[in-house]
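What follows is the residue order along each chain.
Protein chains: 2
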Amino acid sequence: MKISALLTSAGINVGLCVLFLSLYSVLRKQPANIRVYFGRRISEDHSRLRGAFILERFVPSAGWIVKALQCAEEDLLAAAGLDAVAFNRMLVFSIRIFSLAALLCVLGILPLNYFGQNIQHHRIPSEQLDIFTIGNVEVQSRWLWVHCLVLYIISGVACILLYLEYRHIARLRLLHLKRATPNPGQFTVLVRGIPKKTKESCSSDVDDFFTKYHASSYLFHQVVYKVGKVQKIMTGAKKACRKLKQFTDTTVDQSCKAGTYRCCLCGASSNSFQLLPTDEVVQSSGKTDLKDSTLITDNEECAAAFVFFKTRYGALVASKVLQTSNPTKWVTDLAPEPDDVYWSNIWLPYKQLWIRRIATLLGSIVFMILFLAPVAFIQGLTELEHLQQKLPFLNGLLTKKYMIQLVTGYLPSVILQIFLYTVPPIMMLFSTLEGPTSHSERKRSACCKVLYFYIWNVFFVNVVSGTVIKQLNFFTSPKDIPVELAKVIPVQATFFVTYVLTSGWASLSSELMQLFGLIWNFIRKYILRMKEDTEFVPSFPYHTEVPKVLLFGLLGFTCSVLAPLILPFLLVYFFLGYVVYRNQLLNVYRTRYDTGGLYWPIAHNTVIFSLVLTQIICLGVFGLKESPVAAGFTIPLIILTLLFNQYCRKRLLPLFKTFPAQDLIDMDREDERSGRMEHIHGRLHTAYCQFPDTEDIQLEKIQIDGNGGEKNCSPGESKGKETREEQQPRRDELSHPTLKGLPVSRLQNAVRSITFLIRLQKRGLSR
Amino acid sequence: MKISALLTSAGINVGLCVLFLSLYSVLRKQPANIRVYFGRRISEDHSRLRGAFILERFVPSAGWIVKALQCAEEDLLAAAGLDAVAFNRMLVFSIRIFSLAALLCVLGILPLNYFGQNIQHHRIPSEQLDIFTIGNVEVQSRWLWVHCLVLYIISGVACILLYLEYRHIARLRLLHLKRATPNPGQFTVLVRGIPKKTKESCSSDVDDFFTKYHASSYLFHQVVYKVGKVQKIMTGAKKACRKLKQFTDTTVDQSCKAGTYRCCLCGASSNSFQLLPTDEVVQSSGKTDLKDSTLITDNEECAAAFVFFKTRYGALVASKVLQTSNPTKWVTDLAPEPDDVYWSNIWLPYKQLWIRRIATLLGSIVFMILFLAPVAFIQGLTELEHLQQKLPFLNGLLTKKYMIQLVTGYLPSVILQIFLYTVPPIMMLFSTLEGPTSHSERKRSACCKVLYFYIWNVFFVNVVSGTVIKQLNFFTSPKDIPVELAKVIPVQATFFVTYVLTSGWASLSSELMQLFGLIWNFIRKYILRMKEDTEFVPSFPYHTEVPKVLLFGLLGFTCSVLAPLILPFLLVYFFLGYVVYRNQLLNVYRTRYDTGGLYWPIAHNTVIFSLVLTQIICLGVFGLKESPVAAGFTIPLIILTLLFNQYCRKRLLPLFKTFPAQDLIDMDREDERSGRMEHIHGRLHTAYCQFPDTEDIQLEKIQIDGNGGEKNCSPGESKGKETREEQQPRRDELSHPTLKGLPVSRLQNAVRSITFLIRLQKRGLSR
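Sequences listed follow chains Z and B, in order.
Read in full-length UniProt numbering, the first sequence has 327 at position 327, and its numbers run on one by one without any break.
Read in full-length UniProt numbering, the second sequence has 410 at position 410, and its numbers run on one by one without any break.
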C-alpha cells in the first residue's frame, strides 16, 4: 500500500468522524433523543431538558467535549464507579506512553528507517509504506542501537507509568471499600454446596452450621431457592404483562384501580385470589402446619444461601477459610452486591461449576479456531490479485485507481469489523454458561475472553495468515517465532494502520452516536408509538471496549519501534476515545454494578504481555539485521520487564483479590462506635431478594392486613429484630432495575395475578 | 542390545543384590554397627542389643524382610510419620498398577509385538530387544486395538487407584491434624515483613498490632532476631568446643565440674563471667535502663515474630487473611512445628524472598542445561562406535564379546548414576537459598527440583539425545513431538531397562547397606577412636527417594504399552523397594519433621503427567502405524485423564493447602472442655527457641539465683501467666536435636564460655 492509499483511507475516516461528531453535537440537543444520550442523567436526576425550539439546537458545537474534559476524576468515580475510572486510566496511560513513543519514534526512528538504505526515493505520497518500517534499514546498520535505546526508554517509562497507575487504582479500590454507604455484600457470604440431610430442612442446616462454627459473628441467613423454570415463566409473564399494559394503557388503567383488584389478563374479580396468598403466608410463617411447610421446601429446593454476619471482618474470615474436610461442601465466598447478583446462576449446583468452566473453555477455543475462516478471507482482500480471483464481478470496478485504493485500504477492515461484532455476544453467552454469581463477574469473564480472542484473531492470525507463511508452518517451529514475527510485523503494519482508522476511529464515532439506540428510539416513538421506556438504561459494555483499547495498545507497542507510522493515528484514537468514553460514561450509561477496579489487572497483564512480545520481536529483528549488540541488550530488558511484573503481582495484585483485614476491622469499629451498625444490620434483612415481585405483594399485604409474610424474600430463620418500620421504607426504593420508574401499585396489580397463576400451576404439580 | 546382553546386566545386578542383602542381614546383627542400622530405634528406645558372640550373627537371614512386611500402616505412621506413609503408598500404588500392567502387557502385548511382522525369528537369547517393542508391529496392523484397550485399562485403573490413595492420604492428614499431642505450630503464626517504626521497639509493634486487630484470640508473641553472623560464630564455636571436648574428655571433665565454673577453652576462673550475664538479664527484664535495652534491640534486629493464639482457629484465621493494605507488610503464615523451624532462614527479609525464588529458579534451569554434557557423553557410550572413537585405549578391551556386552549394557548407567549423585545436594542448596522457613518445606522444594531434573535429564534428554535426532531439531517442531517420541521411546527402552537394573536395584541395595554410614562408623570407631556420636541420626532423604520412585513410575507408564519388557524388572524394583524402604524407615531414619503428607500431591501430579505423556506418545505411535481407530480412541482418553485430574484438584487438593475450620474448631472446643487448653498455652511459651544454648544457661541461672531471664527465648511482652513451674520440665527435654544425649550440665559449662566470648565481641562492636 502506498502513502496515498493510506491518506485516502485516513481522509474518509476523518471525514466520517467529523460528520458523526457534528451530527452528535446536534442530535444530543434534541429533546426527542434525550433518553438515548442522557440515559444515566435522567435515570438519576429525574430532570428534563426544556423542549423549546431554538436555533442553537441545530448548530454543531463542541461544548460537550469541553464538559467531558473538565470532569474531574472524583466526579467520574461518583457518577460511573471505579470500573469507569480504571477504564479511564487505561486511556490516560495509553495517551501518555504513546505520546512519548510517537515523539521518539517519529522524530528519531522514522528518518532512520526512511534513509536506511541508499535507494532512490520517490515523492513521499507515492512512496510505499514499507519504506518507513525497520525493514528498510540495512543489515548490520550502525544505527540499530537507536532502535534498541528507544525500546529501552519506552519499556522503562511504560513500567513506571503502569506501576503508578496500578498503585493509584489500588488506592482507589481501598477508598471504594471504605466509601460512606455501607455495602451489604461486605457483610454477606454466599454459601454453596450445602449438603443435603433428609430429616431437617436446608434452612435449619445452614443455621445450625453457622451457629455452631461462626457463633461469634453469625447474624442470620437467607436461603436461595432453586427455581429455574418457575422463575423463567414468571419473568416471561411479567414481561408480557408489561408489554400488554403499555399498549392498552388506558383500558387497563380503568379496570385495575386500587381496591377493585381485577386480573389484568382475564379481568376476573380478585376476591378469590386474595384468599390464597394469605393462606400460604400463614402456613409458612406459622410453623404449626408442618406438612405444608415441608411441602414448600420440597418444591423449592434450596441450593445456596446468603449468610449474614455481624461484621465485615466476620464475613471475610468465613469466606477465606476452608469450612469442612470436604472442599466441595459449604463453599463460602464473599457475596456480590445486591444489585450485582446474577440470580439465574446463583442456585447452580456447586459441583457442576468446574465442568461448566472446562466446557466453556473448550467452547471458546473451538469458536476462536472456527473464526479463522473469515479472518483468512479478509486477509485475502488486502492483496488485489486474490480479491480479483475470488470476486470476479469486481473486475470492472477495480479498474479505477481510487477504487483499488479504497478496496485494499478500507474494505478488509470493515468486513473484519462486521464479523467482530458477533464476538462479544457469543463470549458473553459463554461467560453466562460458566456460572458466575454476579453480573460484574460475568462481564469481566467475557472481557477476558474477548481480549484473548482479539489478541489471537486480530493480531496473531492477521500477522500469520497475512503474508509469507500461509501454510501454517508458522506454528511448527517455536524457536523461529521471533524471527518470523520480525519478518512479518513490519509488513503487516499497513493493515494495522488501516485497522486503527476503521475499527478505531469509526467505532468511536458510532459509539458516540449510539446508532442502534437512536434508531430504536425513533421506531418506538414515531412508528410503534409506545410510551417512553424509562426503565431501560444500558450499562457500559466493558467487555467490548476494554479489549478494544488494550488491543490498540498491543498494536501500538509492537509497531512502535518497527513501524512507527502507526503511532500518530493511534494517538488520535486514544485522544478521541478519552473524550468520547468520558462523555458516554457521564451521560449515557448507568452503573448498576461494579467490579471495584478488577479490570485494571487485566489491563496490566495485557500491557506487560505487549511489552514482552515487542521485545521478543525486536530481538528477532535485531537478529535478522545481524546486530549482536542490540540483540544482546534486548535480552536483559525482557528479564527486567518480567521481574517488574512479578514485583507488581507480589505487591499490588493481592489487594484486588481480597480485602485487607485492618481496614475492614477499622470500618467495623467505626460503625459500632457511631451506632450505625444496628441500622446496617436492619438493612441487611431486605438487601437480597430472590423474588422481588412476590415480595411486593406481601409488602402490600402487610399494609392491608398487618400479617407478616416472610416466606420468599425475608430470611428463613430470622434472628434479627426485623420490624415493620424497617421494612416499610423498602417500598419506595423498589430496587429491581427492570421495575424502576413504574408506579408501584399498578405493577403490583399486574404481577399479583401472574404470580397467582403460577402458584396455581405449582399446586397442581405438587398434588 | 540383545537379550543376552540384557541378561548379563540383569545377572550382575541380581548377584550384587543378593550379595548386598546377605551382607546386610549379617552386618545388621553386629553390635558395632547398631548405630548405623538401628539409629531411630536407639535414639527413641534407648535400648541396646546384647554384645555376646554367637554364631547366628554371621549367618545370613531373611527375618528382617518378614518384619518389614509385617509392620502395619499404623505402626509405620507412629514410627516414621505421615510422609513415610505417603511414600509407602507411592510404592504400594506402583506395585498394584504395574502388576496389572505387567500381567496385561507381558501376556497380551509382548506376543503381539514379537510376532508383529512376518520375519524369521532367531533363538530368543540372541534376539534384539527391539523386536519386543511396538516398533515390530506392522503398519496398519489389525491388532493395534489391543494396545489401545490395554492403554485404556491401565489409565482407568491408575486413575481409580490414584483417587483411592489420594483420599486415603487426605483422611490420614486430617487424623494427623487431630492427633493426641497438640502441636504448637497449630496455635502459632509466623509474621514477617514487620514494618519498622523509629520510636518503638519491634516487639511492642507486634503486640500493638495483634492486640488491636486480633484481640479476641491473640495470646502473646515472641520476636525472632536477625542474628546471621553471630549465630554462625556461635554454632561454629559450639561445634569446635564439642569436638575438643570429645577428644580431651577426661581432662575437661575434671576442670569443668559443677560449682567451680572454669572456661573450657582457656581454663580461667568464671567468677568474672558470672557477673555479666546477670547484669544483662536484669537490664533486659527490668525496663528501667532504657538506653541499654534499645542498644540490645539495635544489635539484634527484629526480623520476624512468632505470634501465639488462644485457639487453632484463631491462628488459622490470622494466617489466611490479608492483614494490611500493603501485602508485603505483616505477612502471616501458619508457623512450622518447633522442630521443623529452619532458624537460619526465618529472619530473612520478606521482600527478598521473591527475588531469591526467581534467582534459584534461574539457577536450577541453568544447572539442568549444563548437565546435558555428561548425559550426552553417557548416551554416546551405549553406541559402541562412539565409545571406541572417544576412548581409543578401550579398543584392546572391547575385542572380547562379554566385555562389549558389559560396557554397552552396564557402564553407561553406572556413570550416569555417579553424576546423578551430585544432583540432590545441589538442589538442596538451591532450595536453601530460596528461603524456606522450615526443614520440611526445604526438603519438599528440593524434592520437586530433583524430580523435574530427573524427568528432564534422565527421561527426555536420554530419549532425545539418545538416537536419531541429535541436532536438537527435536525442540523446533512441537507438533511433531508425539511422533518423534513415538519413534524414539521403543528404541530407547533398552537403555531404560538397564537403567532400572543399575540405578534401581543397585541403589536400593546400597541404600539398605548404608555404605557411607558403615564406613564412617568404622573410621570413627577404629581409626579415630572417637566416642559414639549418639546425637546424629539422619532423617529420611525424601528429596532423593521420592523422585527416584516417581521416575521409575514414569518409565513404567511410558514403556508399558510400547516396550513391555521393562515391566518385570520394574516390578522387582518396586517390590524390593517396598521391603527396603519400610525397613529403613522403621530402623534407620528418625523423623524430626513432617510435611503432613504433602509429598502425595507431587506424586499424584507426576503420575497424571506420566499417564498423559504415555497417551500422547501412544497417539503418535498409532498415528505412525496408520491406525486411525486406535488414535481416535486415544484422544478422549487424554481428555478424560485431564478431567479426572481437575476433579482431584477441586475435591482433594485444598485439604493439602489448608486445614478445615470445622475440625480445628471441634478440637479447640474439645480441649477447652477437657481443660487441656491451659496446659497447651503454658507449653507454648517454651515451644520455639531461637537460641537454645543461651536459654540453657539462663535456665540454670533461674535455678541458681532465682532471677528470671526472659531475654532471648521466652516471649517478649509476655501476656500469659508464665510460671517457673511451667518452665521447669523443659530442662529435661532439651529439644534441640544436635544436643540430645549430652549431659546438660557439661554442655552448659562449655557453651557458657563461648557465649560470653561472643557477648564480649558484640559489646566491643557496639561501642
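Fair warning: there could be bad hints in the mix.
When chains are identical, the list treats them as one kind, so a pair holds in a single copy or across two.
[To be verified] Using 30 angstroms as the maximum straight-line C-alpha spacing, the simulated DSBU-like pairs for lysine-lysine come out as follows:
1. Lys650 to Lys197
2. Lys650 to Lys178
3. Lys178 to Lys197
4. Lys329 to Lys525
5. Lys625 to Lys67
6. Lys2 to Lys329
7. Lys650 to Lys226
8. Lys212 to Lys351
9. Lys199 to Lys401
10. Lys197 to Lys2
11. Lys29 to Lys2
12. Lys196 to Lys625
13. Lys525 to Lys178
14. Lys657 to Lys310
15. Lys310 to Lys625
For the record, the hints were derived by calculation from the structure and aren't laboratory data.
Bear in mind that the values here come from a model prediction, so they are computed numbers and not experimental data.
> Going through the earlier hints one by one, which of them does the structure break, listed in rising order?
Replying inline: Failing hints, ascending: 4, 5, 6, 9, 10, 11, 12, 13, 15.
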